[in-house]
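Visitor: Here's the letter readout for the chains.
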Amino acid sequence: MTITVRALLGACAVTALGCAVSAETITVATVNNGDMIRMQGLMEDFNAKHPDITVEWVTLEENVLRQKVTTDIATKGGQFDVLTIGTYEVPIWGKQGWLLSLNDLPAEWDAADLLPAIAGGLTVDGNLYAAPFYGESSMVMYRTDLMEKAGLTMPEAPTWADIKAAAAAMTDKDNEIYGICLRGKAGWGENMAFLTAMSNSFGAKWFDEAWTPQFDQQPWKDTLAFYLDLMTNYGPPGASNNGFNENLALFQSGKCGMWIDATVAASFVTGKDSTVAEHVGFALAPDNGLGKRGNWLWAWSLAIPAGTQKEAAAKTFVAWATSKEYLALVAAKEGWANVPPGTRASLYANPEYQTVPFAKMTLDSINSADPTHPTVDPVPYVGVQFVAIPEFQGLGTAVGQQLSAALAGTMTADEALAAAQALTVTEMTKAGYIK
Amino acid sequence: MARKTTQTRKALTTVAAWSIGFLIFFPILWTVLMSFHSEGDAIKGPFAMLASPWTFESYGEVQHRSNYALHFWNSVVISFGSTLAALVIAIPAAWAMAFVPGRRTKDLLMWMLSTKMMPSVGVLIPMYLMFRDFGLLDTRSGLVAVLTLINLPIVVWMLYTYFKEIPGEILEAARMDGASLRSEILHVLTPMAVPGIASTVLLNVILAWNEAFWTLQLTTSDAAPLTQFIASYSSPEGLFYAKLSAASTMAIAPILILGWFSQKQLVRGLTFGAVK
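In order, the protein sequences belong to chains A and B. Per full-length UniProt numbering, the first sequence starts with residue 1, numbered consecutively. Per full-length UniProt numbering, the second sequence starts with residue 1, numbered consecutively.
In case anyone wonders, no lab produced these hints; they're calculated from the structure. Glycine residues also receive a C-beta, built at the ideal position from the N, C-alpha and C atoms. Hints are supplied without guarantee of correctness; some may be wrong.
Derived lysine-lysine pairs resembling BS3-like cross-links, with alpha carbons at most 27 Å apart [unchecked claim]: (1) B/10 / A/255; (2) A/173 / B/44; (3) B/44 / A/272; (4) B/44 / A/185; (5) A/95 / A/49.
Reference listing, derived: stretches of chain A covered by chain B, where coverage requires no fewer than 3 residues with Cβ under 8 Å from a Cβ of chain B [what the hints assert, rightly or not]: (6) 77 to 83; (7) 252 to 262; (8) 362 to 369; (9) 421 to 434.
Bound-form chain B, shown alone:
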C-alpha cells in the first residue's frame, strides 16, 4: 500500500515537473514554431498556424536584411570578454572575502549586491556622457567594461559562496609548503573551485548575452550585439511576428546550445555552493 502511494506520488511529481518545465519552455517553442511560418499565418490562431505550410522565408529575409555574423561576433566578444574580465577581478576579491574576512566583509558584500537593485536607466545619462567623452560609444571595449561592472557583484557573490565551501586548512598547508599567494590562488584554490567557477562563467555569459538595456543604448552599428539584431524586427505598422521570431531563434540558439551541453556542469556548480 505504502509502495503504491509512493509510486503514485512519484508519478504525480514527474507529471507536475514535466508540466512546469513545458510551461516554462513553451514561449521558446512557440517562437521557434512561428519562425517557420509566413507573416500572415504567424498571426493566426495556434491551430490555424500549425496547420498552415512551413517555410524558411523569414530566415531568408532576416539573413538578407541583417549582418547576423557581425552581431553574433559582437555578442561573443562582449559576453565572454566581460566574463573573463569579471573573473580576473572577482577571484582575488572572493578569495580575500572567503579566507581573510574583515569586520566589514558582510557589509561590503551586501553593498555590492545592493548596486544591482538600482534601476539602470537612473544612470543612463551620466554613463552616456562618459562614454561620449572617452570615445567609447558603439565600441565593444566600452560594452565589455560596462557589463563587467554590472555583473561583478553576482560573480563575486557566487565565487565567495563556492570558496567558503573549501577548507581553509588546505590553503594553509599550501602556504606552509612555501606556496606564494599567486600560486595558492592559481594552483590550489582555482583547480578545487573549477565546478563553481565554471557555473559562474556560464551564468555570467548567459546574463551578458541577454543584457538588453546597455547593449541597446550604447551601440549603433559596429558593436551592436544580437539584442539590437532582435530589436530591429519589431514594427508598429506591418506584420512582423515571423521575422521577429526567426531573429529571436537565431539569437538565442547559440546560448541554448551552450546551456544544453554544459547543463551538467551548471547544475553541479549551482548545487555546490551556497546557492544550493
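So here's chain A without its partners, still in its complex pose:
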C-alpha cells in the first residue's frame, strides 16, 4: 500500500514537473508587418526545435504597440517577454536600463555577421539591446519604361537635380501619371521621416550642437522649397494625405514615375499585386554633392524587457527569429525575395539572394546611412530620420503638421518653417535642452 501511494505521489510529481516545464509561455508583442506575420506562419519550425516553449502573439498597430509597450516597460508590468521595437526606441530604452543586453546570445547566432550600420543603431555603450529582424533604408524606385520613353537614364547614385529632371520628363497629368510620389501625411514616422532624411542631403539639421532648433536656417528653407516645387509640379493631387501605403498603391497601379521610400517596398512593387512589376528600377536616394544622401535607416528588432521572468525562453526565441537559419527557412518556404532583408552580411554574400533585383541597392542604401553622423555638420544627436530623444515623437509630429500644411497650401513654406521653429524652441526649452 505504502509503495503504491509513493508511486502515485511520484507519478504526480513527475506529471506536475512535466506540466511546469511544458508551460513556459512567452508573449511576443509585434507590429502588423508582412515579415512579422510571415514569421507567425513559420512557427512550426520553432515549436519542433523548442517544444518546451509556447509563443503567444500580440499583434498591434504601431502607435498602439508603442504606447502600450512603453507603459508596460516603464511600470515593469511584465505583460510581454519579447518586444518588437524600432531603431528610435532602442538607444533611449537601452540607456534607461529597460532592456536586457543580448551580448550573451549563443556564439552560433553570430553577432559579427550583423550589418554594422544596423547593429550600431541598436547598441548602447557596447551592449546590443535588440536583435534586428529586418532592416531598411530608403531608395529611389522608378519606372524603367517611362524613363526610356522620356529618353533618360537613371544614374545609380542620382542627384536631386537628376530627380527633378526625371520627374518633369515623366509627368503626364492628362493620363494620371505623376513624375514623383513622396510622403506628405503628417507624422514623425511619415512625412518627417522622409523630410528629415532629405534635409540631411541639403546640409540641414534639427539642432545645432547647443540644441538650438535650426528650422530658421537656409538649408531647411532650401529643402522645403525643393520638396514643395517637386510635389506641386510633378506630384499627385492630395499628396498631403499620402503616406507609405497610399504611395504604394499609386505606384503599384502605374501612377507614379518615381517613388522614394523604404527599401522594403521593393518586394511589393515587384510583387504579384503590382501592375508595373516588370518595369521597376532602383537607385540610391539622391544627394546634393554635400557628402550625405537623403536616405534613412531603420530596423524592426526584437528586444527583451528587463522585467521579464522568462529570460532564457525569450532569448531562445529571439536567437531563432533573427538567425541565419530563419532566413534560410523563409527562403525555402517562401522564396528569397521574401526573406527579411537588411540585417546580415551573409545574406548579401549568398549568390542566390544576389539574384533578387533589389538586393544590392538595399545593401548599398543601408551602408550609406550613418546614424551617428546623420548630416553634413556635427550634431548632438543620433538618428538619420529621427532624433533619438524621448521628446521627438511629439515634436516630429507637430513639425510634420506644419510642413504637411505647406504642401496642402494652407500655409506658405516660410510660415510653416517659422511655426516649426517656434514650437520646437518652446518644447526644447520646456524639456530643459535650451537653458
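Once you have looked at the hints, place chain B on chain A.
Guide: For chain B alone, coordinates are given in the frame of chain A:
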C-alpha cells in the same frame, strides 16, 4: 395651398432626414463594402473599387490569423458584466437620489459626471500599477471592474432621470402596504422603470463594447476583446484596408444587430426620461 406647403415641407424634411441618416451611416457602409474587395482594389477610388470583383478573401485571412471567438467572448463578458455590475450599484443609488434627495444630491450628481471629463490617459500609470499589483492585467474581471466604474456616472444619471418620472406616491403606497425597502425597489420601482433600465443597459453595453482605451491598455491576449482584434489589422508598411474593414465588420456586427432589434426599446427609453 396650405396643404401643399405642408406636404412640400414634409417631403423636404424626409429627404433631409434620410440624407443625414445616410451620411452618418456611410462610414459603416463603406467599411462593409471595402471588406469584400482585395487589398489592391480597396485602396482604389470609390468607383474603381465598386467595379472590381467581390471576394471573401479578407474574411478568410482574418479568420485564419485571429481567434475571433475568443475576442468576441471577451467582449460579451466585459460589456455585459460591467453593465450588470453597474446596474447593481446604480439602481439603489439612483433610487436614493430620486426619492430621498439630500441637500447635496445635485452637487453629487454633477461631481459624478465631472469624473467623465478627465482624460483617461491621465490615470493610466496609477491604474496600470494597481492592476499589476493586484494581478489584474489581462483579466476579464479587471476590465469588468474598470468599465463598471467608468460608465457608472452615466448609468446613475440615466436611471436617476427615469426614476424622477415615477410618482413617489406609488412607492409611498407600497410602503404603507408593508413593502420593505428591498421589495419596494425590486417589485415596485424596477418593473415600472423597465423601459428606462432597458435603454440604460443597451447604451451601456454599446459604450463598453466600443471602449478602446482601457481595453487596449490593460489586456494582451487572454482577456483581449474585439477592440484589440481590430487594432491588430492596421499596418504602417503594407496594404491593410480590406483586412481591417473585414475585422471591423466582424467586430461591430453583433452590436449593430443588437441595436437593430432593440431600437424600439432604445428610442422609447431615451424619450422616457429627462434625456428627451
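Visitor: Taking the hints in turn, state whether each one holds.
Guide: So, going through the hints one by one against the coordinates:
Proposed proximity of residue 10 of chain B and residue 255 of chain A is contradicted: the alpha carbons are some 47 Å apart, above 27 Å. At most 27 Å may separate the alpha-carbon atoms for a hinted pair to count; residue 173 of chain A and residue 44 of chain B meet this at roughly 18 Å. Between the alpha carbons of residue 44 of chain B and residue 272 of chain A the distance comes to roughly 17 Å, so the proposed pair stays at or under 27 Å and holds. A C-alpha spacing of about 18 Å is found between residue 44 of chain B and residue 185 of chain A, which places the hinted pair at or below 27 Å, so the restraint holds.
Distance check on the hinted pair: residue 95 of chain A and residue 49 of chain A sit about 34 Å apart at the alpha-carbon level, beyond 27 Å; violated. Only residues whose C-beta sits within less than 8 Å of a C-beta in chain B count toward coverage, and the stretch 77 to 83 of chain A has 4 of them, enough to reach three; the restraint holds. Beta-carbon proximity to chain B at under 8 Å applies to 3 residues in the stretch 252 to 262 of chain A; the threshold of 3 is reached and the given coverage holds. Residues of the stretch 362 to 369 of chain A lying with their CB closer than 8 Å to a CB of chain B number 0, which falls below the three-residue condition for coverage.
For a cut-off of 8 Å, the count of residues in the stretch 421 to 434 of chain A with a CB near a CB of chain B stands at 0, and the three-residue condition is violated.
Violated hints for the displayed structure, listed by number in ascending order: 1, 5, 8 and 9.
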